[in-house]
Structures are given as structure tokens and as C-alpha cells.
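Asks: As they're listed, the protein sequences go chains A and B.
Numbers 162 to 734, taken from the numbering used here, label the letters of the first sequence in order.
Numbers 178 to 443, taken from the numbering used here, label the letters of the second sequence in order.
If you're looking for bench data, these hints aren't it; they were derived computationally from the structure.
Only a predicted model underlies this, so the values are computations on that prediction, with no experimental measurement involved.
Hints are not guaranteed to be accurate.
[To be verified] Interface residues of chain B toward chain A, partial, derived using beta-carbon atoms under 8 Å:
hint: 1; residue: 317
hint: 2; residue: 320
hint: 3; residue: 321
hint: 4; residue: 424
hint: 5; residue: 426
[What the hints assert, rightly or not] Distance condition first, Cα-Cα at most 20 Å in a straight line; then the derived DMTMM-like pairs of lysine to aspartate or glutamate:
hint: 6; chain 1: B; residue 1: 370; chain 2: B; residue 2: 404
hint: 7; chain 1: B; residue 1: 259; chain 2: A; residue 2: 195
hint: 8; chain 1: A; residue 1: 239; chain 2: B; residue 2: 433
hint: 9; chain 1: A; residue 1: 521; chain 2: A; residue 2: 585
hint: 10; chain 1: A; residue 1: 702; chain 2: A; residue 2: 410
hint: 11; chain 1: A; residue 1: 499; chain 2: B; residue 2: 404
hint: 12; chain 1: A; residue 1: 250; chain 2: A; residue 2: 206
hint: 13; chain 1: B; residue 1: 429; chain 2: B; residue 2: 391
hint: 14; chain 1: A; residue 1: 239; chain 2: B; residue 2: 404
hint: 15; chain 1: A; residue 1: 627; chain 2: A; residue 2: 185
hint: 16; chain 1: A; residue 1: 666; chain 2: A; residue 2: 295
hint: 17; chain 1: A; residue 1: 499; chain 2: B; residue 2: 194
hint: 18; chain 1: B; residue 1: 220; chain 2: A; residue 2: 295
Built from N, CA and C at the ideal position, the CB exists for glycine as well.
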Amino acid sequence: MTDYLIKNGFVFDPVQGINGDKVDVAIKDGKIVDAGDVTNPTIIDATGMTVMAAAVDIHAHVAGPKVNMGRNFRPEDKLFNCTAGSGMKRMEGGFSVPTVLRTAYLYARMGFGFSMEAAMPPLYARHTHEEIRDTPIIDQGALPVFGNNWFVLEYLKENEIENTAAYIAWLLNQTKGFGVKCVNPGGTESWGWGLNCETVDDVVPYFDVTPRQIVSGLIEANEYLGLPHCMHVHGNSLGEPGNYGITLDTLKIAEGVKPQNDFGREVVLHNTHLQFHCYGGESYASKSFESKSKEVVNYINSVDNISYDLGVVTLDETTTMTADGPFEHHLSHMNNLKWANTDVELETGSGIVPFIYNPKTFIAGAQWAIGLECGLFIKDPMRAYITTDAPNAGPLCRYPRVYKWLMSAKARDDMLDNTLKYGDKIRERCYIGELDREISLYELAMMTRAGPAKTLGLSHMFGSLKPGLEGDVAVYPYNPETDTDDPEKIEYAFGNAAYLIKGGKLIVKEGEIVDMGNKRTFWVNAKVNENPMVERDISEKFRRYYTVTQNNYTVEGPHFVPNPYVIEVDATK
Amino acid sequence: MAKVILTPNQTPTLFLEAENITPDVFAGKDAAEIAALHGFVGKTTVTLGDYFTIEGAGGQTAADTTVVINGDVSRVKYIGMKMSAGELIVNGNADMYVGGWMTGGKITVNGDIEAFAGLGMTGGELIVNGNAGNYLGAAYRGDWRGMQGGEIRVSGNAGSDVGTFMRGGTIVVGGNIDVHVGTHMEGGTIIVKGDAKTRVGGQMVKGTIYVYGDIDVMMPGFQYRNDSDLEVDGDKGRFALYEGDMGERHPKKKGEVIYGQLYMKY
Numbered sequence: 162m163t164d165y166l167i168k169n170g171f172v173f174d175p176v177q178g179i180n181g182d183k184v185d186v187a188i189k190d191g192k193i194v195d196a197g198d199v200t201n202p203t204i205i206d207a208t209g210m211t212v213m214a215a216a217v218d219i220h221a222h223v224a225g226p227k228v229n230m231g232r233n234f235r236p237e238d239k240l241f242n243c244t245a246g247s248g249m250k251r252m253e254g255g256f257s258v259p260t261v262l263r264t265a266y267l268y269a270r271m272g273f274g275f276s277m278e279a280a281m282p283p284l285y286a287r288h289t290h291e292e293i294r295d296t297p298i299i300d301q302g303a304l305p306v307f308g309n310n311w312f313v314l315e316y317l318k319e320n321e322i323e324n325t326a327a328y329i330a331w332l333l334n335q336t337k338g339f340g341v342k343c344v345n346p347g348g349t350e351s352w353g354w355g356l357n358c359e360t361v362d363d364v365v366p367y368f369d370v371t372p373r374q375i376v377s378g379l380i381e382a383n384e385y386l387g388l389p390h391c392m393h394v395h396g397n398s399l400g401e402p403g404n405y406g407i408t409l410d411t412l413k414i415a416e417g418v419k420p421q422n423d424f425g426r427e428v429v430l431h432n433t434h435l436q437f438h439c440y441g442g443e444s445y446a447s448k449s450f451e452s453k454s455k456e457v458v459n460y461i462n463s464v465d466n467i468s469y470d471l472g473v474v475t476l477d478e479t480t481t482m483t484a485d486g487p488f489e490h491h492l493s494h495m496n497n498l499k500w501a502n503t504d505v506e507l508e509t510g511s512g513i514v515p516f517i518y519n520p521k522t523f524i525a526g527a528q529w530a531i532g533l534e535c536g537l538f539i540k541d542p543m544r545a546y547i548t549t550d551a552p553n554a555g556p557l558c559r560y561p562r563v564y565k566w567l568m569s570a571k572a573r574d575d576m577l578d579n580t581l582k583y584g585d586k587i588r589e590r591c592y593i594g595e596l597d598r599e600i601s602l603y604e605l606a607m608m609t610r611a612g613p614a615k616t617l618g619l620s621h622m623f624g625s626l627k628p629g630l631e632g633d634v635a636v637y638p639y640n641p642e643t644d645t646d647d648p649e650k651i652e653y654a655f656g657n658a659a660y661l662i663k664g665g666k667l668i669v670k671e672g673e674i675v676d677m678g679n680k681r682t683f684w685v686n687a688k689v690n691e692n693p694m695v696e697r698d699i700s701e702k703f704r705r706y707y708t709v710t711q712n713n714y715t716v717e718g719p720h721f722v723p724n725p726y727v728i729e730v731d732a733t734k
Numbered sequence: 178m179a180k181v182i183l184t185p186n187q188t189p190t191l192f193l194e195a196e197n198i199t200p201d202v203f204a205g206k207d208a209a210e211i212a213a214l215h216g217f218v219g220k221t222t223v224t225l226g227d228y229f230t231i232e233g234a235g236g237q238t239a240a241d242t243t244v245v246i247n248g249d250v251s252r253v254k255y256i257g258m259k260m261s262a263g264e265l266i267v268n269g270n271a272d273m274y275v276g277g278w279m280t281g282g283k284i285t286v287n288g289d290i291e292a293f294a295g296l297g298m299t300g301g302e303l304i305v306n307g308n309a310g311n312y313l314g315a316a317y318r319g320d321w322r323g324m325q326g327g328e329i330r331v332s333g334n335a336g337s338d339v340g341t342f343m344r345g346g347t348i349v350v351g352g353n354i355d356v357h358v359g360t361h362m363e364g365g366t367i368i369v370k371g372d373a374k375t376r377v378g379g380q381m382v383k384g385t386i387y388v389y390g391d392i393d394v395m396m397p398g399f400q401y402r403n404d405s406d407l408e409v410d411g412d413k414g415r416f417a418l419y420e421g422d423m424g425e426r427h428p429k430k431k432g433e434v435i436y437g438q439l440y441m442k443y
């Protein structure tokens, strides 16, 4: 394997406290090593450029049945938006729901090394893994959804943490999943009854359990197992005016819970796309709707066991897709566009609706502002990660644009003054006007690398340039000394990495993708004590309810996971 | 006004996709440069010069460029796609997507055209002295933004699914029309001077459809309102107004519910 030495770049690595110093970064046998440990390396001249560990995406919808449904029902997403293959690259297409190849190339061009698929319906885990397999270059994992699963609802009604944990361990093994995702706890199941859970104390019909019990139980079970990632929640009443109270209720469930794991993870609850959960007011009208990002982030600042990602609205035409079935139904009645919906047997549901975040409307502008506020109010950037909940709040390709807005008050003012029709109203109803903070490159490295890697329990592999970690390095054509004059340079640089080394292989060379890498699928194998009751429940449910047998359920073998990376967890003690 | 004359010199074995045949692309180019513009046949890239003899040159801008195609181009797609100004005249038949997504200018086809003409167009004029195919002035597959502005005139008959997801502009069909007219229509006007078959205005939200002749089977979601004397596209007559589609959502304006309007001439 070729050794690499990246010389003369401005290095940003918060884990090692390197803040723009000119440090040489060396890679040997796929791992980061001390600069002196490489012999006869290939030199990469990063003079005038920014060097960081490859980025880690904690939450994106890039593979699986609902992404594919989005592709199927939005042929117009690919209209005039395809690029023919050239060199190593095959044809790529799509904007908000790109092909697997465009997803991989986009991540490579943006300097990413790892991406977490944010919601995998267990029954369709096979499909999810086939798409992950077909997405080259980046390492990926997937979070199965648990928040509306019949097993979980039944166990947590009686607060049976050990049984819940045994079931989680079984399901992670069956679906080759990475951790515990929870979408609209209880609400999607209620949707099967034409209802929803709008607060944490709404009771799920038939199951007689509340979102509070589900969230609390899943956090406990997650820590019981000691999984690398914490419980990953998309709370109730997403997108509803006045929902910030429900968000605070959800976050407070984690109060006092201590993380238990061997991976250096310090949080027990990750609240995803916080932007959608920080709304005040009673309606979307500009005289009522307001931002409550400050209230929510202030609470998170006051505790130390919660992290979140932003979910910034990028003001594009995109495709919303979530396991939150009732929310998508609600959305389809707001914009009257096409709608797809699925009920996934005993497990979850999902919906898909195209959506245009129109900068000429007050509400889209306010959502844009709230997403950025979530990134700007944080005191410890190690707990706030930059996402667009791709493609829900914005397409994956817009990450660099979000960096620009976070890093430049001038860029934000330009939006408020020139692009958004209701800029002044948005300054009045949101906090964006009072925020002059500009995220530094050092903080950006925390919010896109060190932070997400730590919360995913992968800080021993990703997120830093410390010797011993994976040889994942991105070099961006951005000079932190001279390129500060124009915010557009940020967006360009972070969307067009000059170099990306992934697992010690040179993937992007001088801006061109030259290698398809050695993609791995990460999953967590949690060992638990034998649990005859859960085993009996599983075979009973398959016998009575599932349309498939267990043999057709398990994700196994090289067809689905040709290159696995298994993280072992022992919870038998 | 500068003129470019294209004369087909061979018929493609497959179909020639020639989105570059527009006044916008031809403007500022001489005959040799136009001949070098690319097109696609199947997966191969070809040049316009491979299929046309080209005379003349483009004007400085699209607005002062006229493109004339003399001959049959019934195996050439995307003629006048996305054109914004100027004029394009086809003396012969043309294939699919004539004037797709056009925003301005004028296209005249002295012959028949195939499906998807004027797809998603937002402005300009598309005149067809002949028959048109299916999906005239409709939306691209999956899209909800059909024709939004401009005018399409067909002297002969038109196919099915005309004006699907239409949001603005006018389509005038001189002859008869096939099934599915103005499905999901949210604005604009469709005038059918001949007969229509079935499913006229299905899931129509807003907009207006006039039918001078008969409708084979009326949609059940339309309700009779009143009769009135109107002048439509220069033709005077007495029309019966039906409103619908009652099975679809309808917006309100000043407290009044707005329906799609279907006028049938007595």
C-alpha cells in the first residue's frame, strides 16, 4: 500500500488541538502515523490548503426503500441533472434523491469518509444493504428504527429493559444495524389507527404506552447494551408550530442518565434535525410563528449528555422522506403534491412528499434561520453536528453552502437582505439577527468530524488525524489566511476537495475521483445473555404476523454485506 | 433578421436527439459552427452536420435569428427545446418534444408533430399546422408543472393527455381530441373546437376548458351551473357551464370556492 505524506497544509484537528498549524500528515498501511514513520511516501503538496480528517455524517437518508421510492416517484428530479460517466466514474444523476453513485461521488468531493443511513426499516434491511453495497468509496452504517416496533412497545409498556435490550441486540444482528433510531415514538404506530402522538404523554392506541416510556426505555436499553452510538431520536410533532415544548420534554427524559460504553461516547441522547423541533407560535403565519432555538439549545448547553444535528433548510426544491408517516400525510395536505406512504408491518411506516422551500415565503426563510441558529447558539461544538437531514431540509450537495452560512455573518446578511423576501420579518421573529458568531474552521472540524465520530462511538477510527486512526484525510482548496474575503470560497472549497484519502487509498486527486476505494459496512454485534422469552416472542411474531419467515428476514452473506466491519459489544455481564 | 436553413440529408436509423436546434444556440454562430454542434443518436454523439446541410448564419442574438428546417424531421426530437426568443419554422413533420420547456419566441410546424410538444412551456408560441400527439402542453413525467404560459395552436387533431398538470397559457385544438384533457389542471385555458372523448377535466382544480363538439362520456365530478353567451377565440356561441372536479380539493378566493370550469357549446 502506498504511503502518503501531506505537506505544508493548514491542519485543523480539534482532538489534538491543532488549529491551523502547518503540520505534516502521514499515512502508512491505511492508518495515520507520525510523519517520521513513512518511508519514501508519495508527497501531496497542500500548500495554501486546509487539511482535516475526512468528515463524518451522522444523519442522512441516502440508502434504503424510501430513498429508492423517492427516486422512483420523482423522475423529474433527474431531468437535466445527469452527468455522463468519465474515467473511473459511471453515470450519475439526481438532485435531492441522487443515484447511489452520485451519493458516493458527492461525499467524496465533499471530503467525507463515513455516513450513517438514518432510518432503516428492519423488514427492508436487505434492500438498504444492497444500496449501501452499491454506494462505493464511503464507509456506511445504518440505524434500524425502533420507536414504533411492536416488540419494543410491548416490552416498554412493562418497562422490561433487559428484554428490550435483548431484542435490540437480536435485531442489530439480523439487520446488520449500527444503533437505535427512534422516529416519532409511538406516533407512526398510532398513524395505523388514524391518530398520532403529539406530546410525549399521548398514549399509543392498543399498546397503551407513551412516547415518554419509549424514549426513556430505549435510552436505558441502549446504555444497558453499551452500544457505540447513543439513542438517536426524531421526536414527536416534528415541524409543528409550538413544538419546542415537546422537544424540551423529550430531551429532559435523558436527565441524569449516564453514558455506559467502552467507546468514549459522552452523550446518551442524540436529537436529530433539531431545526424542525424548535418552533414557537401557534401557526405558520408570520404574526404567530417564532424561533425557539435559543430556548432549546440553551437547555442542551446546560446539560452534558445530549447531542444534536442541525437539519438546516437550504431553500431548495427537495424530497422529504421519513419514517414519520403522519407528518408526511400532513405535509402532503399542505402543498398538495404527490405523496407516497408505506406501513411496514410490525415495525414502522414511512411517507414521501416533494417539497419546495421557497425563499419568497416567510416560513421557509424562518426555518432556514432556525437551522443556522441551532448551529450558532451551541457552546460546545463537539455536540452540534452539521446536517441538512438530507434530503429532508435540503439535498446532500448543499452541505458546503450550510458551512458558508455558519462561517460567515456576511453570507447570512446577504441572504436576509437580498434573497429572502421576508428578511426583516425573519430577523424579528427569529434570533438570526442577533447572532454575529462565525464558526471557525477549528469549530467546523468539531461539528463535521470529531463531534459526530465521538457520538457515533467511532472516535477510535474517525474524526481526527491522531496516529493510529484510519487514514481518512481531506484536503480542501481553501487558504484560511487569504480566502476569508469571500464566503463563496468556503462553499466552493468544501464541495470540491482537492484530495481525499480514504482508508489509505487516494480517492480524489487534484479534484478528480480516481479510485472507488474499499467500502465497508459497519454494524454492531451486541452479545447478550440467552433470553428464552424474547426468542419465543420473536418466533411467535413471525409465525402469527410477519408476511415473511425469519429466513427471508435476516441480512446475511456477501450479497448484502460484502465487506463488513463488525464492532463487538459484550453485554453479557 | 438572420436566417439559418437546415435541410435534412439523411434519416437517422434510430432517432436524432437535437436539443441544439434553437435560435438561442444558433445565435452568433456561422454555418460551420452550427454544423459542429452535437446531437445524440442512441448512445453515440453526432453532429448536426452529419444529418443536415446548413446554410446561412445565426444573428447576434436569439431574437434576431430565424431557423428554418426544410424537409421531414419526423425522426428528430427536441427541436426548439428551451428556446427563449427568435423564430423556428419546420416545413415537414417533427418528432417528440417540439418546443419543450420553451420560454419565448415562435415555433411554426407545417406538418404533424409527435408527443410531448410544449412540455412545461412557460412562454412563446407553438403553431402546428397539422396534427399533434399526446401530452401536448403537459408536464414532464412525475412533475406537477405543466404548461405555465404562452400559446399552443394546433389546426388538426390532438392526442391524449393534453394539458396534464397545466397551470397557465392557452392550448387551442382545431380538430378532435383524445381522452384525458386537462387532468390535474390548475390554471390556463384549453379550447377544443372538435369533439372530445372521455375524462375531460379529471381531477381538475382550476382553469377553463371549452369543448365545441361532443364529449363522449362526461366525468361524474362535474356539476351543471348555467348557460351563457360567450365569445371564445373569435367564435360566438351559447355555452353550458359545468364546474368540477368535485372529487378534488379546491382553493378559496374571497370566501368563494374556485372550481375548474368546463364549457360545452350548444
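Asks: A separate judgement is required for each hint: does it hold in the structure or not?
Replies: Results for each hint:
1. 317: holds (5 Å)
2. 320: Holds, about 4 Å.
3. 321: holds (6 Å)
4. 424: Hint violated; residue 424/B Cβ to chain A Cβ min 14 Å, cut 8 Å.
5. 426: holds (6 Å)
6. 370/B x 404/B: holds (18 Å)
7. 259/B x 195/A: Violated, at roughly 56 Å.
8. 239/A x 433/B: violated (39 Å)
9. 521/A x 585/A: The given pair, whose Cα atoms are some 13 Å apart, holds under the 20 Å limit.
10. 702/A x 410/A: violated (33 Å)
11. 499/A x 404/B: violated (35 Å)
12. 250/A x 206/A: violated (25 Å)
13. 429/B x 391/B: violated (31 Å)
14. 239/A x 404/B: It is violated: about 46 Å lies between the C-alpha atoms, which goes past 20 Å.
15. 627/A x 185/A: The hint holds at about 12 Å.
16. 666/A x 295/A: holds (19 Å)
17. 499/A x 194/B: violated (30 Å)
18. 220/B x 295/A: Distance ~24 Å between residue 220/B and residue 295/A Cα, so the pair is violated.
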